[in-house]
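Participant: Residue numbers (numbering that gives the first Met the number 0), protein chains in the order written: chain A, 0 to 302; chain B, 0 to 302; chain C, 0 to 265; chain D, 0 to 265.
Hints were generated in silico from the structure; no laboratory data involved.
Warning: the hint list may mix true and false statements.
To give an idea of the chain C side of the interface with chain A (calculated C-beta under 7 Å), a few residues [as the list claims (entries may be wrong)]:
#, residue
1, Pro69
2, Leu71
3, Gly74
4, Leu76
5, Cys85
6, Asp87
7, Ser88
8, Ala89
9, Pro132
10, Ser134
11, Leu143
12, Val159
13, Pro168
14, Gly181
15, Glu235
16, Leu245
Capping the alpha-carbon separation at 27 Å, the derived lysine-lysine pairs in DSSO-like fashion look like this [to be verified]:
#, chain 1, residue 1, chain 2, residue 2
17, A, Lys138, A, Lys148
18, B, Lys148, A, Lys138
19, B, Lys148, A, Lys148
20, B, Lys138, A, Lys148
21, B, Lys138, B, Lys148
22, B, Lys138, A, Lys138
Sample of chain B residues lacking proximity to chain D, with all beta carbon distances greater than 12 Å (derived) [what the hints assert, rightly or not]:
#, residue
23, Asp7
24, Gly47
25, Glu184
These numbers were taken from a predicted model, which means no experiment stands behind them.
Built from N, CA and C at the ideal position, the CB exists for glycine as well.
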Amino acid sequence: MSASKLTDLPEAVSSLVPDGSAVALGTAQETLIPFAAGHEIIRQRKRGLTLIGPISDILFDQIIGAGCVSRVRAAWVGNVITGSGYNFRRAVESGHITVEDHSILTLTTALTAGKMGIPFMPTGTALGSDLYQTNPDLKTMVCPFTGRKLTAVRAIQPDVTIIHAQRCDEYGNAHVWGNMGVIREACLAGRSVIVTAEEIVAPEVINSDPNRVVTPGFRVTAVVHAPWGAHPSPAPGHYNRDHRAFLEYRDASRTEEAFRRWLKKWVDDVRIIDEYQSLLGEDRLRELALKQHLFSAPVDYGY
Amino acid sequence: MSASKLTDLPEAVSSLVPDGSAVALGTAQETLIPFAAGHEIIRQRKRGLTLIGPISDILFDQIIGAGCVSRVRAAWVGNVITGSGYNFRRAVESGHITVEDHSILTLTTALTAGKMGIPFMPTGTALGSDLYQTNPDLKTMVCPFTGRKLTAVRAIQPDVTIIHAQRCDEYGNAHVWGNMGVIREACLAGRSVIVTAEEIVAPEVINSDPNRVVTPGFRVTAVVHAPWGAHPSPAPGHYNRDHRAFLEYRDASRTEEAFRRWLKKWVDDVRIIDEYQSLLGEDRLRELALKQHLFSAPVDYGY
Amino acid sequence: MKNGQEPPFAYTPAELMVTAAAREIADGEVVFVGMRLPLLGFLLAKSTHAPNAVGIYELGIIRDLPAPAPILTMGDLPNLFRAQCCTDSADVMGLLQQGLVDASFIGGAQLDRFGNLNTSYIGPVSEMQTRLPGSGGACDLASLSRRHIIIMAHQKRRFVERVDYITSPGYGTGAGWRQAVGLPRGGPSTVITTLGILRFHPSTREMLLASLHPGVTLAEVRENTAWPLQTADRLESTPPPIRDELEVLRRFDPGGFWTGRSAERH
Amino acid sequence: MKNGQEPPFAYTPAELMVTAAAREIADGEVVFVGMRLPLLGFLLAKSTHAPNAVGIYELGIIRDLPAPAPILTMGDLPNLFRAQCCTDSADVMGLLQQGLVDASFIGGAQLDRFGNLNTSYIGPVSEMQTRLPGSGGACDLASLSRRHIIIMAHQKRRFVERVDYITSPGYGTGAGWRQAVGLPRGGPSTVITTLGILRFHPSTREMLLASLHPGVTLAEVRENTAWPLQTADRLESTPPPIRDELEVLRRFDPGGFWTGRSAERH
């Protein structure tokens with residue numbers, strides 16, 4: 000058994016997310032978005048990052064607004080329940096960042112190719128679309144067997160993939176449940192992997208269910224205990240989505256000035272994860288807690 | 000909720016495995032091999048089947064020996080702990096069946112392409128090998144982005160994929176755990192899917208853990224209760240591998256005469272699954288039962 | 000109707016649109032459910048005339064039971080509760096790409112007479128006026144489902160002769176275009192707007208007005224469409240939501256988040 | 000030694016081979032473990048000098064703890080017990096294809112002077128003498144790991160000038176061949192036989208005898224090799240298994256299924 004990979008967010012981000020690196024975040028889509036890790040990236044004011052993710056909800060908008068980003072490779076960037084991501088709009092419209100336009104399937108295909116260790120993979124989507132115009136990593140090709148026209152998608156291998164898991168052991172073996180999005184591909188394709196987790200548990204909890212392990216621990220570089228680390232996105236088994244926070248963020252991001260105030264209060268002035276929780280307040284945490292429980296039926300891995 | 004898909008093996012096999020069809024079996028590899036379903040295919044003396052699977056252990060050898068097969072698309076056919084599959088050898092050497100030679104990765108790639116609904120997928124394996132000589136569904140190609148030489152593999156979509164699951168509800172939602180091999184790809188790529196299961200359970204057991212569901216139930220065509228349906232291969236959570244049966248089979252398949260006797264005793268004279276169990280005998284079933292248990296830690300799907 | 004006050008049952012434009020969307024789903028169909036209004040449309044169909052419909056969500060969820068509580072996104076925890084399957088996006092996208100999805104729903108900012116949809120850039124990319132969120136799964140649903148239904152606010156700036164950018168392919172330049180570019184199947188079947196319901200000419204693939212919502216005139220629709228809009232042979236009137244439908248809608252959207260105001264907000 | 004009787008510690012040819020195989024694994028390496036003898040070799044290395052090695056199995060298992068009980072196949076239930084990860088073959092094959100596997104182990108029926116391995120057809124395919132089981136994962140391990148180790152019985156009919164069929168590519172026709180056909184990396188590093196250990200010339204890529212097993216003569220090895228076998232500059236003697244290694248081996252193979260008789264049986 001290898002050495003413990005437990006560390007804290009400042010250390011994990013400063014050592015594994017250098018300026019200019021390509022970072023995959025929010026790969027489960029609407030759930031388990033690693034907001035705590037993203038906020039640490041902002042606090043460290045990383046520069047020139049490439050953000051990779053299917054639909055980032057508001058996390059990408061926040062990191063872009065903080066000036067950390069030069070390029071986005073995504074299918075959708077905005078605020079899922081309200082629409083536009085205002086920082087994203089400002090940054091793209093002013094030419095401060097470039098966008099590689101993907102669809103969910105082209106991004107899934109790119110990360111699958113990355114995970115499989117092949118330089119490209121074909122898909123039948125996006126033919127005739129203008130995604131070709133704003134994504135140089137798409138090319139039309141012809142199937143060598145059928146002659147069918149296809150879209151070839153270049154593989155994506157993030158420098159670092161950051162995920163938020165429900166529970167993880169100190170060696171990087173994490174349990175994730177719920178919709179998987181492209182988490183598994185992004186972890187396997189990532190050159191390094193940071194796992195933030197609601198709970199740090201004993202290896203015996205994780206290896207009691209090896210099928211639930213999201214990616215083999217030997218490929219994980221750092222493990223960070225980050226309760227409420229996905230807030231305001233939902234964490235199955237832990238808390239519901241905080242819709243109010245997304246509505247508040249829409250208003251707080253409409254202008255740059257308002258966004259600066261939001262950033263100071265919710266990111267820069269928050270030094271540790273506990274401060275974030277107290278900022279939310281007991282009532283709000285209670286309100287987001289699960290009211291109905293449904294526990295998985297056990298399975299036996301005996302011999 | 001749709002109608003019940005519960006049926007019995009004779010009905011499932013006669014309606015879903017017509018002569019000449021392409022059948023995927025043994026897609027988890029050494030575990031959960033659907034022997035009971037394979038034996039029903041033999042009892043019905045299907046003809047001209049194409050068998051698809053990575054390493055089939057002895058099931059393919061049995062179906063081939065019974066004369067049901069005209070073509071095999073596999074990476075390995077034999078008896079895992081002893082080597083050769085004698086019926087397979089006789090059938091190939093005498094020209095009675097043709098073989099499309101795969102590796103585990105080319106077959107995995109073919110089924111992944113089938114599952115993704117794309118006509119081919121590239122891989123970096125088998126370059127320079129003679130698999131090209133005996134597999135017309137491999138072609139060398141050049142990556143449109145990097146210029147790297149690759150092996151293009153034609154997609155495989157089985158007419159029917161047959162799996163053995165640990166538990167399943169009557170609507171086709173099955174829980175499978177342990178090594179997954181290419182089960183998930185074969186189920187998603189299959190035009191129809193037959194699930195045989197150790198246990199038929201209430202939908203509430205299955206949907207208490209949607210991440211454990213091997214393939215969406217709406218794609219499953221038939222569900223059959225088949226306790227010990229994977230014997231002599233192991234079924235995680237239910238019974239260990241019956242090594243003795245594989246050794247006995249090696250001897251029983253060395254000559255055609257011996258194989259006829261084996262076939263009569265273990266397949267043709269076994270009309271129902273209970274007869275198979277009594278043929279094995281209480282002692283043997285006890286010997287194969289799990290001695291150590293390890294139950295998965297629960298997860299919460301509440302809200 | 001616009002202010003949601005008339006008898007017999009008061010309903011909002013959004014409630015009418017969601018109801019019309021739900022009615023596009025036949026029982027037993029496999030439906031790829033998009034963000035926002037379609038979430039509600041599927042729940043409505045599933046709870047009324049299409050109990051055997053199967054819902055697929057791009058983030059890796061397949062459901063054959065309605066969610067037990069209201070949801071605002073497909074990732075809200077009630078949408079995971081007793082799901083048929085939770086898996087990888089690759090798996091559900093594979094089902095779509097295999098041609099196993101009967102119908103899907105997408106929304107957009109700009110739509111043209113051949114059903115091409117733009118959710119990416121307003122104006123030429125080089126000197127864009129507005130950057131929109133992008134495709135999400137919309138390009139995939141428009142490319143690969145057997146048919147797709149578009150839900151939009153009906154305004155002249157949105158209903159244009161030719162979109163600035165094709166995010167989600169419709170019929171391109173008309174008949175034969177999808178086959179020519181290599182798309183394997185499908186195309187938009189229906190456009191549900193704040194003013195009416197539009198369908199496509201079987202041969203020319205041009206969008207035609209098929210139904211007017213209650214209280215809306217043909218002139219009003221034409222004023223809000225940037226090309227000379229033709230009507231179908233029979234121009235119908237959209238049947239308003241019935242009480243059962245409204246009850247279901249309000250159970251799944253108690254705060255009226257999606258249906259309380261005009262769909263334009265979303 | 001051949002009959003397993005001599006002091007200091009009696010061991011069988013198979014035990015010597017498995018021990019030699021285990022010693023090819025460095026601590027902390029990622030090892031793709033093949034069927035049969037390699038299963039035991041990995042368990043031995045893991046339990047002795049390579050406690051931090053990670054084992055990957057093609058059927059979708061990754062282990063960082065030795066199995067708690069003897070196994071005859073990689074799918075035996077003890078090999079799943081407290082595994083690091085149980086997943087799809089596609090995932091572990093992806094790790095291999097990415098170049099993340101340091102070493103892998105394969106066996107075969109026919110091997111040639113450039114390390115090409117045949118486990119498919121003896122004789123020309125058109126008029127084959129023998130159909131063998133096929134590649135399994137061997138072609139993939141030989142194509143894509145950083146290095147692979149071959150375990151074989153040493154007989155003239157198996158050690159041939161040129162294999163009848165390349166199931167698992169070695170160095171093809173010699174230096175530069177792997178690059179020319181497009182293989183991204185790797186090649187065989189070591190061949191462990193019933194008689195000795197062979198390695199490959201760094202420039203010509205021809206197989207050379209590097210070590211003789213105790214009691215085996217160079218003449219004996221040459222008699223059992225179909226091409227004029229050259230030796231490495233220093234011809235060594237294979238160190239026999241030490242007591243600790245034999246104890247581990249016999250714990251994991253109590254019945255001597257793999258190691259009780261000559262490896263030729265398997």
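Participant: Please flag the earlier hints that this structure goes against, numbers listed from lowest up.
Facilitator: Violated: hints 1, 12, 15, 16 and 25.
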